[in-house]
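**Q** Protein chains in written order, with the numbering used here: chain A, 22 to 298; chain B, 22 to 298; chain C, -7 to 308; chain D, -7 to 308.
Simulated from the structure, these hints should not be mistaken for lab results. Treat each hint with caution, since some may be false.
[To be verified] Listing some non-contacts, in silico: residues in chain D with all C-beta distances to chain C over 10 Å:
#1 Pro84
#2 Phe193
#3 Val200
#4 Gly206
#5 His260
[What the hints assert, rightly or not] Label pairs and their in silico Cβ distance ranges:
#6 D:Glu124 - C:Leu41: 39 to 49 Å
#7 A:Ile43 - B:Met118: 18 to 28 Å
#8 B:Leu161 - C:Gly44: 34 to 44 Å
[Claimed, not checked] Chain A regions said to be covered by chain D (calculated; three or more residues, Cβ under 8 Å):
#9 34 to 40
#10 88 to 94
#11 193 to 207
We treat Cβ as the ideally placed atom computed from N, Cα and C, and that holds for glycine.
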Amino acid sequence: MMDSLYPVREGFSVAEQSAVVIANTAVNPEYRHLVVTAEPPATAALAGQFFHLLCPSSPDGNPFLRRPMSVYAVDAMRGRVEFLYKLMGAGTRGLAMLEPGDRLNMLGPLGKGFALDPAWKHIIVLGRGVGLATLAPLALMAERASVRVTAILSARRPDLVMSVDLFRARGAEVIVVNDADHSSEVGNVERLLRDLVARGRADAFFTCGSNRLLLLLQRLGNEHGIPGQVALEQQMACALGMCFCCVRDFHAPNGGVEHRRVCWEGPVFGLQEPLSW
Amino acid sequence: MMDSLYPVREGFSVAEQSAVVIANTAVNPEYRHLVVTAEPPATAALAGQFFHLLCPSSPDGNPFLRRPMSVYAVDAMRGRVEFLYKLMGAGTRGLAMLEPGDRLNMLGPLGKGFALDPAWKHIIVLGRGVGLATLAPLALMAERASVRVTAILSARRPDLVMSVDLFRARGAEVIVVNDADHSSEVGNVERLLRDLVARGRADAFFTCGSNRLLLLLQRLGNEHGIPGQVALEQQMACALGMCFCCVRDFHAPNGGVEHRRVCWEGPVFGLQEPLSW
Amino acid sequence: MVDLAVDIGGLRLANPVMPASGTFSDGLARVIDFNRLGAFVIKTVTRELRAGNPTPRVAETAGGMLNSIGIPSKGIDYFFDETLPFYKRFKPPLVVSISAPTADGFASLATELGVSGVAAIEANISCPNLEEDGRAFAMTPHATASVVARLRAATKLPLWVKLTPNTGDIADVARAAEANGADAVVVANTILAMSIDVATFRPRLGSVTGGLSGPAVKPVILRQVYQCARAVKIDIVGCGGIATGADAVEYMLAGASAVQIGTATFIHPTALIRVIDEIEEFCNHRGFSRISALTGALMRAGVDETDLEWRQEAGE
Amino acid sequence: MVDLAVDIGGLRLANPVMPASGTFSDGLARVIDFNRLGAFVIKTVTRELRAGNPTPRVAETAGGMLNSIGIPSKGIDYFFDETLPFYKRFKPPLVVSISAPTADGFASLATELGVSGVAAIEANISCPNLEEDGRAFAMTPHATASVVARLRAATKLPLWVKLTPNTGDIADVARAAEANGADAVVVANTILAMSIDVATFRPRLGSVTGGLSGPAVKPVILRQVYQCARAVKIDIVGCGGIATGADAVEYMLAGASAVQIGTATFIHPTALIRVIDEIEEFCNHRGFSRISALTGALMRAGVDETDLEWRQEAGE
Ligand SMILES: Cc1cc2nc3c(=O)[nH]c(=O)nc-3n(C[C@H](O)[C@H](O)[C@H](O)COP(=O)(O)OP(=O)(O)OC[C@H]3O[C@@H](n4cnc5c(N)ncnc54)[C@H](O)[C@@H]3O)c2cc1C
Ligand SMILES: Cc1cc2nc3c(=O)[nH]c(=O)nc-3n(C[C@H](O)[C@H](O)[C@H](O)COP(=O)(O)OP(=O)(O)OC[C@H]3O[C@@H](n4cnc5c(N)ncnc54)[C@H](O)[C@@H]3O)c2cc1C
Ligand SMILES: Cc1cc2nc3c(=O)[nH]c(=O)nc-3n(C[C@H](O)[C@H](O)[C@H](O)COP(=O)(O)O)c2cc1C
Ligand SMILES: Cc1cc2nc3c(=O)[nH]c(=O)nc-3n(C[C@H](O)[C@H](O)[C@H](O)COP(=O)(O)O)c2cc1C
Ligand code: FES
Ligand code: FES
Chain A
22 MMDSLYPVRE
32 GFSVAEQSAV
42 VIANTAVNPE
52 YRHLVVTAEP
62 PATAALAGQF
72 FHLLCPSSPD
82 GNPFLRRPMS
92 VYAVDAMRGR
102 VEFLYKLMGA
112 GTRGLAMLEP
122 GDRLNMLGPL
132 GKGFALDPAW
142 KHIIVLGRGV
152 GLATLAPLAL
162 MAERASVRVT
172 AILSARRPDL
182 VMSVDLFRAR
192 GAEVIVVNDA
202 DHSSEVGNVE
212 RLLRDLVARG
222 RADAFFTCGS
232 NRLLLLLQRL
242 GNEHGIPGQV
252 ALEQQMACAL
262 GMCFCCVRDF
272 HAPNGGVEHR
282 RVCWEGPVFG
292 LQEPLSW
Chain B
22 MMDSLYPVRE
32 GFSVAEQSAV
42 VIANTAVNPE
52 YRHLVVTAEP
62 PATAALAGQF
72 FHLLCPSSPD
82 GNPFLRRPMS
92 VYAVDAMRGR
102 VEFLYKLMGA
112 GTRGLAMLEP
122 GDRLNMLGPL
132 GKGFALDPAW
142 KHIIVLGRGV
152 GLATLAPLAL
162 MAERASVRVT
172 AILSARRPDL
182 VMSVDLFRAR
192 GAEVIVVNDA
202 DHSSEVGNVE
212 RLLRDLVARG
222 RADAFFTCGS
232 NRLLLLLQRL
242 GNEHGIPGQV
252 ALEQQMACAL
262 GMCFCCVRDF
272 HAPNGGVEHR
282 RVCWEGPVFG
292 LQEPLSW
Chain C
-7 MVDLAVDIGG
3 LRLANPVMPA
13 SGTFSDGLAR
23 VIDFNRLGAF
33 VIKTVTRELR
43 AGNPTPRVAE
53 TAGGMLNSIG
63 IPSKGIDYFF
73 DETLPFYKRF
83 KPPLVVSISA
93 PTADGFASLA
103 TELGVSGVAA
113 IEANISCPNL
123 EEDGRAFAMT
133 PHATASVVAR
143 LRAATKLPLW
153 VKLTPNTGDI
163 ADVARAAEAN
173 GADAVVVANT
183 ILAMSIDVAT
193 FRPRLGSVTG
203 GLSGPAVKPV
213 ILRQVYQCAR
223 AVKIDIVGCG
233 GIATGADAVE
243 YMLAGASAVQ
253 IGTATFIHPT
263 ALIRVIDEIE
273 EFCNHRGFSR
283 ISALTGALMR
293 AGVDETDLEW
303 RQEAGE
Chain D
-7 MVDLAVDIGG
3 LRLANPVMPA
13 SGTFSDGLAR
23 VIDFNRLGAF
33 VIKTVTRELR
43 AGNPTPRVAE
53 TAGGMLNSIG
63 IPSKGIDYFF
73 DETLPFYKRF
83 KPPLVVSISA
93 PTADGFASLA
103 TELGVSGVAA
113 IEANISCPNL
123 EEDGRAFAMT
133 PHATASVVAR
143 LRAATKLPLW
153 VKLTPNTGDI
163 ADVARAAEAN
173 GADAVVVANT
183 ILAMSIDVAT
193 FRPRLGSVTG
203 GLSGPAVKPV
213 ILRQVYQCAR
223 AVKIDIVGCG
233 GIATGADAVE
243 YMLAGASAVQ
253 IGTATFIHPT
263 ALIRVIDEIE
273 EFCNHRGFSR
283 ISALTGALMR
293 AGVDETDLEW
303 RQEAGE
């Protein structure tokens, strides 16, 4: 029920803020890029953390609950936070209505983000679909830590692959795979990964967005003793560890299966911990 | 339960329409004037009829039910309908958010409007507050029927009196009374009315917006055998005679008291029929 | 072409969409084509003249409304003289909602209504039972059984029984209705509720409490339809918060064979027609040739399967 | 200065605002100052370890949400080792919500919780009673009486009993709780409800049905608070859909002495604090020096008086 690791602090590390929309533009037919103003503590958000957004009503409905969205980028100097979101239902379609100057109520930063071990020299980032939004800030984080990144970005069609330029700009090597030419099939991705492992480019795996890819990385990680991290998703209500809506199944230390809260113990977990994405 | 007078028609005399806002401006600190586009059957609205408006959400709340608003003016040629509304709660504050170009869902025209007897030469229109909005289209209706109007317009303060110019433009004689200088007190209004009756200017009384003024007119009407009409208000759900939310007490033909629906048998009733406004 | 026809307790309807009692009258003919409706269901009729409750009779709440109309009634003579002839002019069958303070009263009304032009009786048993403690008949299986048995003996017309959602035993109440001869249950009437104006410290309704309806109640009544569907074999008419074709489909999946629409008509007077069009479109789109195939088609997969399914959807 | 203090069944609170069980944990300390709360009410604790229900565990509805969390529990040892020490660091009293499948189970938990740092017991008797037919204790006065009597004998702590809104007899259930020694009733838990995804034909919750909470339920639970307030003399804690100070005042006028806030905290994590500030402001504005004066202050005027009042307000 309570996480005894959590220290009682003087200040508050999470806040409900009324951000101002700076831009909200389509990046392809399914995804949009949202940039908003932000103050501390929002600007302290780390890669892998998320915000819980109060989405406006739209003709598609009145979203009652907030919607979790990963931090796509943070610029603490200019006071900005960015999101990359896929149009799904009432919440994201409500977000799509926001225009520059509109207000967005956001709660955050929330959850536990990615962590880079100083010993790692080369990491592999393997993402698909919405997962690319969550993984994107790893590019900057790795660059700052002088860690080399190979990013394998997967999507249904070539025009839906995102963040290629973002990763390249941070010095990452980018490999794009997609369903249209079958390059995204597990067999092919496994071949690419085994090649990178053989070339010593895989000190750690990072993934988000696909169950098949998680299972693949778990298998390879096990086989080669390569650690890693995975960001999970689950429906949320509170996003503060209070409601236990957002649990998923994890291997328990004692060998059984236990529930953990994606919003609180995660969304980033050790690669081998979850049973599935 | 059903009004057997109502004929089954080929076409439909009431419609839900998506009007476009042309203007929505403050006329004083409490009232706003809304002009929207309209098509038939909306443009067939008569003085005393009303529309049932689906008001947008605002920070003041999400109005679930529609809100009844009298027709303030209709211009069938240019395809326009106008409303004059007072800022009250969630509904009217939602209306206040509408900007030119926005859509407004309106249902109407609804209810039974005012009727002018061809035998009348001079009528008296006595209104207060919101009642002035409902009575305003009588000015044009009377002008067209070559009936002379004396309008006594009552308000709390001089700056809250509305429609003075509108009545004057249609040739009416306008008397303004207000609470600030006590001219609106029943005693003074009664003096004004008795004077008009004595001068033969009161073939009929029309009123809306005040219980005290209704009771006064009922008394004078009885005393002098002067007929009249009153527009009532009551909370509504359906506005089509279906739910019986909007009933008020009326003198029944048999001498007792009976309920009638303001939306269906009214909102305009014979002056002596209702027990109160 | 989708076959929209349904059979409700022996009465054939051209489609499963009809108004809810008390939310419909001839006035709506100014806005929609009455001949498109699956049936007419009229405001509850009583034998005697009744004035109904004090005003204010309506208040709005989050996603819904409260009403305390009560049952104002012009009495049974007015029904025969005015209401019945009016509805005879249209094609849809007329379902007459009735209420009485005693089982006898219900029975005698039902017998009297056995005339041409009345297609079915809907017994609104959510009203106080004056012979017991004044609680509504539909609050207990016991009182429901006795009034339904009397009604069954009194009429050969299809007998629909409208339940109250305020009981903790709705499945048992539905069973009692079925066991005593009801042809269908209507689930359900409004949920007892209230609202207070904090500016005046007064109740927003003249009679203090009233009935909640509209989208806010949909998840509660849907659950009750689901519970009743698992308890009885007779047809269920779902009623509570339906505003769209998707809402109607949701009720049918949970076990309803037809639906009634009330509050939504106050917001959009064309709601009944729109729901008919939308369920037809839904069937076309999903390849159902008969709407009745939706009834009870809820997939209750094993727990893990459901979980997995959601994950897959969420996956991308 | 408004005196916000209230006394709930013998327990003094600095103000009448507290979280609802299951909607609050230490995580909220990242956002608000815990020392401002009237009390802490923690997620229901059981003796044994429990996993809770399958996912998905949440769905949204018109003006509310459904949850089917169940009662995942780390067991009573975890409570003593971790939860209790954590809350001891703060000023507000700790109310421990407990649940068990039998009256004995409730009683033994209550006894064990008689330790320093536990200020009151909230018995969540909306859970299935395994000794009877598996229905929740709080569904009937009978089962409520027996479990409350056992609890009363087992603990000297203030005993709050949390009722279910799913019964048709909430006033009788409250009476049974009072008669058997409850110091207060909490009205109420969530309303049983469901939702179906018409795209997949599957229930939106992994366990098919779940509990409805949020603004949609407010008018229903408010009515139940009002009914209970007329039935019992013990204190009532109102809980259901409260999101603003005005909502809290509405509950107090209906008869509640304090309020719990659940779902609103998910939408605005600062809701508890805002409600405290807003009720203080309300009292200041309306000239109440003690918040407790609001409890039961509903004006139930004669019918005509109410009517007239409304007319006057509407008049101009
Ligand atoms: C930690 C976290 C980070 C995320 N980051 C991103 C991101 O950066 N970009 C992005 O496009 N999406 C992201 N998602 C998924 C995003 O939250 C959902 O796509 C969104 O909530 C859908 O809302 P909707 O109303 O548009 O869709 P609907 O399908 O109508 O949503 C219905 C309900 O299901 C929930 N839901 C639906 N899909 C998901 C999902 N995949 N995860 C959690 N809840 C879901 C919604 O929150 C809502 O409560 C993230 C999810 C989590 C948990
Ligand atoms: C036939 C008719 C014609 C009207 N014409 C006008 C007009 O031309 N201009 C104008 O300013 N007002 C008019 N009114 C009053 C107007 O409908 C209310 O002021 C408005 O509904 C208030 O809504 P709200 O949400 O702003 O206020 P709230 O007080 O928050 O409303 C709460 C509820 O009470 C109802 N309500 C409140 N006051 C009234 C009232 N006086 N009459 C009926 N329902 C009420 C609302 O519709 C709503 O359902 C008319 C009313 C009727 C019945
Ligand atoms: C204004 C109003 C009046 C009602 N009158 C009756 C009635 O006379 N008889 C009856 O059985 N139900 C009556 N009801 C209940 C409705 O028939 C229906 O059961 C309920 O409103 C739920 O459906 P909805 O959410 O679609 O409105 C009434 C409901 C409303 C809102
Ligand atoms: C996610 C969630 C979990 C809950 N868990 C519990 C619980 O463990 N014990 C309990 O007594 N009530 C529980 N409840 C019910 C709440 O305490 C409260 O009674 C209900 O949500 C109504 O209040 P609200 O509308 O303010 O949320 C839970 C409610 C929610 C939404
Ligand atoms: S969303 Fe509430 S615990 Fe994670
Ligand atoms: S508002 Fe429904 S009858 Fe008048």
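**Q** Hint by hint, note whether the structure agrees.
**A** These are the hints, each one checked on the structure:
no.	hint	result
1	Pro84	holds (26 Å)
2	Phe193	violated (5 Å)
3	Val200	violated (6 Å)
4	Gly206	violated (8 Å)
5	His260	holds (15 Å)
6	D:Glu124 - C:Leu41: 39 to 49 Å	holds (47 Å)
7	A:Ile43 - B:Met118: 18 to 28 Å	holds (24 Å)
8	B:Leu161 - C:Gly44: 34 to 44 Å	holds (38 Å)
9	34 to 40	holds (count 4)
10	88 to 94	violated (count 0)
11	193 to 207	violated (count 0)
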